[in-house]
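Participant: This is what each chain is made of:
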Amino acid sequence: MPAKVLTQTGLFIPAEMAASDSNFLPIQDPAPGRVKPPNVICLKGASIIGPNHRMLFENIDLRIRKGERWAIYTKQRQAGLALLRCIAGVKSLDQGCIDVTSNVSWSLGEIKALSKTLSAEENSYYLAGIFGQSGQRASELKCIRQMASMEMSEWLTPIQSLPVLKKLEFQLALSLAFDFDFYVVDPFVLRPLLRAGAYSTYWQSLILKRLRHRGFITLADARLGIDTCCRRGLVLEKGAILKQGSASDCRSLVEAGLAE
Amino acid sequence: MLQSLRKEFDIVNALAYKKLNERIRKNPLGFLGILVEPLMVVAGFLVLRTLFGLKQVEGIDTLLFLGSGCILFFLFKRIALGGLAGVSSADRPVLTLRRVKSIDLLLANGLVEAQIFSSCMLLFVIGVTLYQWKVLIANPGAAIIVFLMAAATAIGISITAFIVGQRMPYVNFFVKIVVSRVLFWTSGLFFSAALLPDYARSILLWNPLLHAIELFRHYLEPRYPIPGISVGYLAAWTFGSLGLSLLLYENNEETLLDTKGGQQ
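Residue numbers (numbering that gives the first Met the number 0), protein chains in the order written: chain P, 0 to 259; chain Y, 0 to 263.
Rather than coming from a laboratory, the hints here were simulated on the basis of the structure.
Check each hint, because a few of them may be wrong.
[To be verified] Pairwise CB distance ranges (calculated):
| no. | chain 1 | residue 1 | chain 2 | residue 2 | range |
| --- | --- | --- | --- | --- | --- |
| 1 | Y | Asn251 | P | Glu254 | 43 to 53 Å |
| 2 | Y | Thr61 | P | Lys115 | 38 to 48 Å |
| 3 | P | Asn38 | Y | Gly43 | 57 to 67 Å |
| 4 | Y | Leu135 | P | Ser133 | 35 to 45 Å |
Using N, Cα and C, we set each Cβ at its ideal position, and we do this for glycine too.
Let the sequences and hints guide you as you build the complete structure.
Facilitator: Here's what the structure looks like:
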């Protein structure tokens with residue numbers, strides 16, 4: 000599959016097209032300065048045991064600095080997802096420790112802390128109280144409702160009664176409404192929304208806007224191609240880090256492995 | 000520091016909002032149902048007292064005597080036992096949010112119960128005032144302060160019980176018995192401290208909840224006698240329990256429920 004680039008307008012287009020047209024600018028990581036940015040996330044000796052007592056990954060050391068964009072390349076999808084969920088705070092480590100010194104988001108579009116019996120408005124209100132700005136509650140709620148394109152009846156209904164896609168849109172709107180320092184992007188959660196069509200362009204542009212000057216970590220996914228915006232990468236193979244370095248090197252290693 | 004306190008207050012407030020709305024949605028009568036439940040318990044005790052033909056307590060209306068005791072006791076019990084139960088399964092997903100700690104959930108629980116029982120108390124006092132057709136609160140400011148001190152003491156005990164219970168689960172069993180059984184009979188719900196013999200009073204005066212209930216009654220009706228009851232003792236318990244709970248939490252934060260697999 001040809002490499003794709005995420006552009007400012009929110010479209011995933013082939014890299015060759017981006018190179019030839021000056022209107023489309025690929026997203027770059029913030030240029031590294033003399034002083035190293037502070038650590039945002041630090042994993043030491045991290046291990047997670049999956050179902051059937053199988054080790055998903057073992058003894059992983061990872062340091063993510065502020066503003067860095069990381070892509071995880073792995074054939075074992077469960078291991079990659081487990082690592083993302085551990086960083087998002089949803090899954091706990093079985094061994095080792097994780098040190099989070101910044102405001103890290105949940106996995107975009109997937110919020111475990113929502114209350115099913117409460118309405119979208121009530122859930123937004125309570126999350127805005129935790130993650131929002133003081134005194135901006137009303138504007139934040141308005142922003143969430145507009146982003147999710149919710150009718151008043153949907154806004155006031157308990158979220159357990161909402162259709163699956165609308166619930167996903169609401170969760171994604173909540174994820175994008177608040178300002179985090181570092182984002183966790185699970186492409187498999189976002190897939191139903193980011194299929195081809197004008198609707199997907201809307202959500203892509205919103206995600207792009209939010210991620211523009213922020214660091215994030217994601218799982219490489221050929222269909223979405225969001226990992227092409229990452230400067231840093233790691234290759235997970237049989238529960239260990241095979242390579243950790245630039246994303247392009249990791250991508251080449253994985254493609255070479257696939258080719259063989 | 001003020002900004003951190005402000006943020007902490009916002010978080011606890013948000014969690015309390017969520018808990019209260021969840022309870023309202025679960026109850027068929029909504030918010031009214033949540034208020035009616037403790038008032039029905041008070042009504043039950045009043046009926047029992049009438050049936051047994053118990054002696055009227057000197058200096059205070061019988062309704063106020065029983066109602067104030069019951070509401071304060073159940074406020075204390077609900078908050079204190081909330082810590083023993085730990086973080087409920089319904090609240091565990093909230094701990095996936097990195098800004099939320101288990102202490103925030105306990106504080107939110109205390110805030111919700113304080114809101115509900117203060118509304119009950121207000122309704123009760125207004126109801127009795129209208130029934131008797133005279134103003135029955137002599138010193139409302141002091142009564143509110145005593146109410147808040149009782150709630151704060153219960154919150155301190157709840158956090159301490161939660162932390163100790165995580166390390167020594169068998170302690171929960173004894174604390175539950177003490178709070179729900181021993182305190183029920185020794186906190187002055189059905190009797191006045193003034194009517195107790197001296198030897199019994201000297202023992203029961205160690206119970207801070209007895210001081211809270213008797214003080215509250217005294218501030219509703221100044222003629223109500225309170226021998227040996229002290230605001231200072233209640234205040235010492237309030238600050239002591241809160242201080243101890245925060246000290247224990249600071250030293251045990253890493254091992255508590257909200258830390259997943261180690262440091263966080």
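Participant: Each hint needs a verdict: does it hold in this structure or not?
Facilitator: For each hint, the structure was consulted:
1. Asn251/Y to Glu254/P: 43 to 53 Å: Since the Cβ atoms of Asn251/Y and Glu254/P sit about 49 Å apart, the hinted range of 43 to 53 Å holds.
2. Thr61/Y to Lys115/P: 38 to 48 Å: Holds, at about 45 Å.
3. Asn38/P to Gly43/Y: 57 to 67 Å: 59 Å, holds
4. Leu135/Y to Ser133/P: 35 to 45 Å: Check passed, 40 Å falls within 35 to 45 Å.
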